[in-house]
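*Asks:* Chains as they are written, first to last, in the working numbering: chain P, 900 to 1297; chain E, 900 to 1297; chain H, 900 to 1297; chain D, 11 to 122; chain Z, 11 to 122; chain U, 11 to 122.
No lab work stands behind these hints: they were computed from the structure. Given the structure is predicted, the values throughout are model-derived calculations rather than measurements. We treat Cβ as the ideally placed atom computed from N, Cα and C, and that holds for glycine. Treat the hints loosely; a few may be bogus.
With a straight-line cut-off of 35 Å between C-alpha atoms, the simulated DSBU-like cross-links for lysine-lysine are [said to hold, decoys possible]:
#  : chain 1 : residue 1 : chain 2 : residue 2
1  : Z       : K27       : E       : K1292
2  : E       : K1292     : H       : K1270
3  : P       : K1279     : E       : K1292
4  : H       : K1077     : E       : K1292
5  : Z       : K20       : Z       : K50
6  : U       : K114      : U       : K27
7  : D       : K27       : U       : K20
8  : E       : K1270     : U       : K50
9  : E       : K975      : E       : K1202
10 : H       : K1077     : H       : K975
Partial selection, computed: residues in chain U whose CB lies under 10 Å from chain Z [as the list claims (entries may be wrong)]:
#  : residue
11 : K12
12 : I17
13 : K20
14 : S21
15 : K22
16 : G45
17 : G52
18 : F69
19 : M94
20 : G98
21 : K99
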Amino acid sequence: MEANAVLDLMWIVICGILVFFMQAGFTLVEVGFTRSKNAGNIIMKNVMDLCIGSIGFWAIGYTVMYGETIGSFIGKPTLFYDNVEDMHNLFFQTVFAATAATIVSGAIAGRTKFTTYIIFSFIMTVVIYPISGHWVWQGEGWLTELGFVDFAGSTVVHSVGGWAALVAAILVGPRLGKYTNGKSNAIPGHNLVLGALGVLILWLGWFGFNAGSELAISGDSANAVAGIVITTNLAAAAGALAAMCVSWIRYGKPDVSMTLNGALAGLVAITAGCAAVSPAGAFVIGLIGGSVVVLSIDFIDKKLKVDDPVGAVSVHGVCGALGTLLVGVFATDGGLLYGGGVSLLGVQAIGVVAIGAWAAATAFVVLFILKKTIGLRVSKVEEVDGLDEHEHKSSVYN
Amino acid sequence: MEANAVLDLMWIVICGILVFFMQAGFTLVEVGFTRSKNAGNIIMKNVMDLCIGSIGFWAIGYTVMYGETIGSFIGKPTLFYDNVEDMHNLFFQTVFAATAATIVSGAIAGRTKFTTYIIFSFIMTVVIYPISGHWVWQGEGWLTELGFVDFAGSTVVHSVGGWAALVAAILVGPRLGKYTNGKSNAIPGHNLVLGALGVLILWLGWFGFNAGSELAISGDSANAVAGIVITTNLAAAAGALAAMCVSWIRYGKPDVSMTLNGALAGLVAITAGCAAVSPAGAFVIGLIGGSVVVLSIDFIDKKLKVDDPVGAVSVHGVCGALGTLLVGVFATDGGLLYGGGVSLLGVQAIGVVAIGAWAAATAFVVLFILKKTIGLRVSKVEEVDGLDEHEHKSSVYN
Amino acid sequence: MEANAVLDLMWIVICGILVFFMQAGFTLVEVGFTRSKNAGNIIMKNVMDLCIGSIGFWAIGYTVMYGETIGSFIGKPTLFYDNVEDMHNLFFQTVFAATAATIVSGAIAGRTKFTTYIIFSFIMTVVIYPISGHWVWQGEGWLTELGFVDFAGSTVVHSVGGWAALVAAILVGPRLGKYTNGKSNAIPGHNLVLGALGVLILWLGWFGFNAGSELAISGDSANAVAGIVITTNLAAAAGALAAMCVSWIRYGKPDVSMTLNGALAGLVAITAGCAAVSPAGAFVIGLIGGSVVVLSIDFIDKKLKVDDPVGAVSVHGVCGALGTLLVGVFATDGGLLYGGGVSLLGVQAIGVVAIGAWAAATAFVVLFILKKTIGLRVSKVEEVDGLDEHEHKSSVYN
Amino acid sequence: MKKIEVIIRKSKFDEVKEALHQIEVNFFSYWDVTGVGNEKQGHVYRGVSYSTTDIQRRFLSIVVSDPFLDITIDAILKSAGTGMVGDGKLFVSTIDEVYRIRTKEKGTDAVN
Amino acid sequence: MKKIEVIIRKSKFDEVKEALHQIEVNFFSYWDVTGVGNEKQGHVYRGVSYSTTDIQRRFLSIVVSDPFLDITIDAILKSAGTGMVGDGKLFVSTIDEVYRIRTKEKGTDAVN
Amino acid sequence: MKKIEVIIRKSKFDEVKEALHQIEVNFFSYWDVTGVGNEKQGHVYRGVSYSTTDIQRRFLSIVVSDPFLDITIDAILKSAGTGMVGDGKLFVSTIDEVYRIRTKEKGTDAVN
Ligand SMILES: Nc1ncnc2c1ncn2[C@@H]1O[C@H](COP(=O)(O)OP(=O)(O)O)[C@@H](O)[C@H]1O
Ligand SMILES: Nc1ncnc2c1ncn2[C@@H]1O[C@H](COP(=O)(O)OP(=O)(O)O)[C@@H](O)[C@H]1O
Ligand SMILES: Nc1ncnc2c1ncn2[C@@H]1O[C@H](COP(=O)(O)OP(=O)(O)O)[C@@H](O)[C@H]1O
């Protein structure tokens, strides 16, 4: 293989490894933002969706997503992918799939049956995510043909996870004691230091997530990669800053967990446009993402009364959709602010809605069936005592 | 230097950095799986074996392993290695050596004298590990000449550590209260969240461990590297999945700490054959590793009554040996299942036994001498109160 | 872009990502070495200086440092840097700037007003650090012209942070209860496991910090990079070992937190000379750094009575200056021990003093103004109850 | 005055607190303890199944003036039970004197 | 002998300890509890502002011989107060017997 | 009924538990406390050597019916001691009433 091709492959492998590490970040955020009595269950869910994602995507998911297109809708599946010249792409896509699945975990933490989660996670990885992914990233999907831009997956990965998470959180219902007499109660996370470490690990992994999505680094891609790293970092910084300021104004004090969510919101928001906007554009997108996430968490919690312990719906669903739309505004090539008119914005909106509807609908069907069969939720006693006690007969802190 | 050579060097350096990070993983696993009263001692042991490994391997160990061969048995030692064109290899091999040493630490946690451990760790790094390593990896060692395959060190690194750990755990004896009236008691680890983070960090570092062992990425190595990343990831995923299922069947619930050990077992098992087997082969090897580790932990704990708090002997010793043997079964070139007959399997068995015997025998001699001189074990009071109190006059949690 | 140029850019990006991760390390060290009641505040400070550094350095700081020189003293500032061919350098320099700012945080932990810290951190990133950085790294600064050698920033980054930290710690004053009747009291950190993880993450990131400062990896740089990785690792190992031994001798037991500081001391000390000294030189520099840091922490704590909870002044200030001076002794080209006479040593001393004076003076002015206006310190009640309670109305552990 | 020390299931704490609130006993202190008693809990750790009687519980200490004693006991007994082994115990003892630190008041006035 | 159980603000602990030290009461046990009482504390978590009466406090248990009772109470009342709601409570009860484990001594000799 | 409150070394807990088990006292509650007393422990943190009297201990609270009192005290005194300063203390006080939450039983029947 020639040096430039090696560079590209190497870059994809390295970025894949960084994205892999995001699993640790998701685990820590979810553990830290919830109560200690469920920490073991959260570890199991996160480790298992990584395992199931790794196996499922290799076994079939990858070709559902990237196989020869069937009507611009789905790839032709092949079992046990084994093309020795394409293993780097399989790896990179595998860790992306695992990310989509893991988002749901946070929104339904503390009350969901382990077996149910495992089954849902498997279907998410091999059906829900790869099909909509096919529409955008396979090259011949119907959204690609419309001109939809989602560079690294604000919609393809994060929104899909986020909307599925919303449906799941609604169907599972709130944790006991979360709402009493129509009032939302605070259920503080048990260790925000772990949460903060998780956020920094996610931020780290996001450099791989976004810059790796260039899928190359040789030739002209080199400067593009460097540009993506900068837009990614600026949006994250702006997101955290904005969330801190908004929380400071609204609640009188700079809130730790909101600030951390703000960084993630900025990262999710920039993911679609990281290669299409300028640093200044990324900065503004981050500010918007970080501000919106605070309002969205508030709204979902207090108005919709949907219990999402880690803010997954707001961070991944809302900011993912938002970031995708903002590409239509800030893209230096075709964005509204750069004289491109509203056509790109329109296409972006179509993509956001189509994929959102797909994710919500399929998640609903799957979860509804699971609800009617094995059930979604642990018993009241199990929930009160903690999932570790009953689902795993052990405790993580001794 | 020409671009392809730079690529290779860069790859080795990056992978070395990833392997370095495994030290954090080992530390967290060991801390998390044991009691809080010894956490400071565990930190010290892990940091010190990294330091001693780094210094000792540079000072002499590297040439004992890779120096000009003396009778295919040992390298010609030179002090203070200083070849400016080979520093990347020195670095990569240094972090490997530190890994071998650190494995022992976990098996003897909570009861071993700090000074004794330091001395043992030093001898491990500059004598025990590099000599058997010489047999396989220097290029002219006697096992290399036989055709023994251990790509990244299931045997050379992990089994050596694992068997030394077994000998050490036997000689040091079980923790107080571990066995009463011939019954094994549970001594739960104090923080499995740290343990889980440690396992994810190890999994991350393993990409460097295995894919870096290609020692190149240019030309044909590129696809090989990508393939290794996939086999490594699949085996880890399969290992965790298998361990979860086996623990679920045996104990009625999916066990958190066994699942985590299962991922490590899959990783250790695939290390020897990561470049020699197909993804499907890796998947099966992972399943076997993850299943065996649960049974092995059970067996060593309850039948052999050897107290190994983190399961180091089962994970590194047993699965390391197993993974090396399975190369003889699953290697696409020469494996039993691929029509290669039993000859490779035979060679693998010779290597596993020879190196196992070497590690166990030398560890025994060293530890026996230490036992008769400065002693292996802290006093009863020190153990009960915790090593932090007496060995370090401080506590890590305040 | 041609393959060699791509390699260089890729190396800078990867190293930048590693340096980015050091933020997690700093956060964990500071959290772990202090009391739990301030952990949320520490998270906020560390996340915010990263955010402010990222935004401020892009907005103006980068050109203050690297812009066309104005009298060899300061760069010509441009707002919102946007050179698409230089984004990798912007990124690498941004994470360096964030490091300099974050050092101060540790020295004033547990008693400083959040708003004050934010303002100071911003000025540090866009004024204090980039101006002295200009003198050394822009290429036409006055210290460069003198022949001052500070390869990766023992002085430019660490000492600047360290001396600013010293001034800040003096102006803010010690934590309540730290000194009673002229006696220094111990205020043990609440979680040294987090501290140890932080140190290992910093050690990891330092490979990017030092080896990335080569700013290239192609051609001749390749071996240089590998050499830097080795000198960095050896100095860290030697630093930890030396600190452990010195603490063992002085206090009767090998001290955990001192050993961890020793590793950092070795890393800071080698930063200036990592590309200029031999492995043996690095080993000795590490030993010196690790020994001095123990004595320095003692001296600053007990004699100067300056309360520096994490040892930032000793680690970054003292060892940074020391390491820079030692380049004059150990540089294989021009060092005292290699027959180069005292001229390099003299230049090094000028640089150390000049930059030290700059950092201390500007930090003093800024903090003095802040003290007279919004104040540096929280009220007594806030400090006793913990900053989390009053500055953030929340607690991180629940 | 009487001191009621009561050991309950952690999972019943919210209900007990609510029950005390109903009768306006809004003053007590609590902490987590390990309880040894008749209840056994099955655990598995790394393949070792064990059943332990060491179970996490919550300990409440409530000082009430004598007239409040019976209704407080009643409220707790009603709200803390599940009917299964391990519901816990309630102990009553006598307090000689109570002081409110803020006001230095003594006696029944200081109780709440 | 009397047992003094006192619940104080965590931030006042050092002062109380010092005050006890002054009167040579260098023997007691303490632990952290959550206290429910009149004081309310405002918190915000993820946008939900709430005011809680569950506040971290420190619980001291001190057994003293009868002659020491009054000065001990006095020392605590003086050092633990801030005058603001939430300063805590002090409870006195009677201890029938005390043993020092080390020496098996009983009675007043065993107290300190 | 009597309440035995005993403060022991954490390292002696297993032996005390076993001793109580021998005499069939399989019901008590325990938690970790910090004890201040005669024992001093040397510590070093970042170069500051200090000797502290604040030592980690375990606190056991055991309510027994009167006939059990003496053998329980005996079992504890025998198993908890090392003979070195810091073995801890044992306090006996009177309990007016005991309830078992599960069955609402009162009195001696409710003790275990
Ligand atoms: N005599 C006692 N002294 C102190 N605590 C006790 C005593 N008896 C029971 N407890 C506490 O009450 C808890 C519940 O008691 P247990 O015997 O398990 O259930 P039940 O009261 O339903 O028979 C125990 O875990 C222990 O904490
Ligand atoms: N009757 C009681 N029984 C047990 N603990 C009490 C009682 N009353 C108060 N406390 C404890 O004292 C603390 C302070 O009491 P609080 O009512 O808030 O303030 P104040 O005593 O100043 O009116 C409470 O948080 C609680 O821990
Ligand atoms: N009067 C007391 N009230 C409450 N706790 C006490 C009292 N005296 C001792 N203790 C507890 O007992 C522990 C051991 O006591 P100490 O004086 O150190 O040893 P010894 O009993 O052997 O003289 C102390 O750490 C403290 O927890």
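*Asks:* So if I understand the rule, the pair passes when the alpha-carbon distance is 35 Å or less; does K27 of chain Z with K1292 of chain E pass?
*Replies:* Given that 35 Å is the threshold and the Cα spacing comes to 24 Å, the pair holds.
*Asks:* Are the Cα atoms of K20 of chain Z and K50 of chain Z separated by 35 Å or less?
*Replies:* With a Cα-Cα distance of about 15 Å, the restraint between K20 of chain Z and K50 of chain Z holds, given a limit of 35 Å.
*Asks:* Hey, K1077 of chain H versus K1292 of chain E, does the alpha-carbon distance stay inside 35 Å?
*Replies:* 20 Å, holds
*Asks:* Are K12 of chain U and chain Z close enough, Cβ to Cβ, to be under 10 Å, as the hint says?
*Replies:* 7 Å, holds
*Asks:* If you draw a straight line from the CA of K975 of chain E to the CA of K1202 of chain E, is it 35 Å or shorter?
*Replies:* Given pair K975 of chain E, K1202 of chain E is violated - Cα atoms ~43 Å apart, limit 35 Å.
*Asks:* Is the Cα-Cα distance between K27 of chain D and K20 of chain U 35 Å or less?
*Replies:* Distance of about 31 Å is within 35 Å: holds.
*Asks:* Taking the closest Cβ pair, is M94 of chain U under 10 Å from chain Z?
*Replies:* 7 Å, holds
*Asks:* Checking hints one by one. Is K20 of chain U an interface residue toward chain Z, by the C-beta closer than 10 Å rule?
*Replies:* At about 13 Å, which exceeds the 10 Å cut-off, the nearest Cβ of chain Z leaves the hint on K20 of chain U violated.
*Asks:* Would the hint linking K114 of chain U and K27 of chain U be met if the CA-CA limit is 35 Å?
*Replies:* Roughly 27 Å between the alpha carbons, so the hint for K114 of chain U and K27 of chain U holds.
*Asks:* Against chain Z, with CB atoms and a cut of 10 Å, does the hint on F69 of chain U hold up?
*Replies:* Check passed: Cβ of F69 of chain U comes within 6 Å of chain Z, closer than 10 Å.
*Asks:* Tell me if the interface restraint on S21 of chain U is satisfied: Cβ within less than 10 Å of some Cβ in chain Z.
*Replies:* Violated: closest Cβ of chain Z sits about 13 Å from S21 of chain U, beyond 10 Å.
*Asks:* For a C-alpha distance cap of 35 Å, please report whether K1270 of chain E and K50 of chain U respect it.
*Replies:* 32 Å, holds
Checked against the numbered hints given earlier, the structure breaks hints 2, 3, 9, 10, 13, 14, 17 and satisfies all the rest.
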